[in-house]
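> Sequence:
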Amino acid sequence: MLEVLITLFILSVGLLGVASMQFIGSFSNKEALVRTQAVLVAQQMTERLRASVVPSVVTDGFVADNAYFNPINYNFNNLSCGSDQSDFDCFCNEIPAAIPNCLDGECSAAQFAVFDAYKMSCAAEVASPEAELSVACTDKEPADADTCTAGSIHKIMVKWPAPSWQGLDRTANGNCNAAGSQEFDCVVIEVTL
35 MLEVLITLFI
45 LSVGLLGVAS
55 MQFIGSFSNK
65 EALVRTQAVL
75 VAQQMTERLR
85 ASVVPSVVTD
95 GFVADNAYFN
105 PINYNFNNLS
115 CGSDQSDFDC
125 FCNEIPAAIP
135 NCLDGECSAA
145 QFAVFDAYKM
155 SCAAEVASPE
165 AELSVACTDK
175 EPADADTCTA
185 GSIHKIMVKW
195 PAPSWQGLDR
205 TANGNCNAAG
215 SQEFDCVVIE
225 VTL
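Residues in the sequence shown are numbered consecutively from 35, following my numbering.
No lab work stands behind these hints: they were computed from the structure.
These numbers were taken from a predicted model, which means no experiment stands behind them.
Mixed in with the good hints, there may be bad ones.
[Claimed, not checked] Below, simulated SDA-like cross-link-like pairs (lysine to any residue); rule was C-alpha separation at most 25 angstroms, straight line:
1) LYS189 x THR226
2) LYS189 x GLY208
3) LYS153 x GLU81
Given the sequences, and given the hints that come with them, work out the whole structure.
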């Protein structure tokens, strides 16, 4: 009888270990899915940025329209929703009137920048409802008229909330957490045009 109790105890501890592995595995799968989608969004934004450049009139190289680097164009900051719907339901099911529809007609470079920011913000919203997309530039020639001079480094970042677990301190990543107080994970792509 004692042998049966010991066997049941060992079996129950083993089953708890298996359940724990399944539980931790589900977190890892969710994190991997969000990271994969964020990589795809960042890569697509990089391709859209590359496709929109024009030759620089100041120096050798290419420049993108200054509207690509305006944070108001990303994450629906330039739009408002009158309901309590999610951002995706409110803005992404159809193109809002404030966004130029560059699918149907011709658009200027600035309009394409706003349209690209909108489309990629929708894609980031699909990856994670709290995801944030940003495009920034480390301008190598701040004195000229371009926000991002030819040859400057363009930084595309998709970040999303990610709790610290399994010994990972998400607040320590300076790329994702400028203030160092929030738990974000991110994907960063830097490209020089």
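> Each hint: holds or not?
These are the hints, each one checked on the structure:
1. LYS189 x THR226: Given pair LYS189, THR226 holds - Cα atoms ~9 angstroms apart, limit 25 angstroms.
2. LYS189 x GLY208: holds (14 angstroms)
3. LYS153 x GLU81: holds (13 angstroms)
Checked against the numbered hints listed earlier, the structure breaks none of them; every hint is satisfied.
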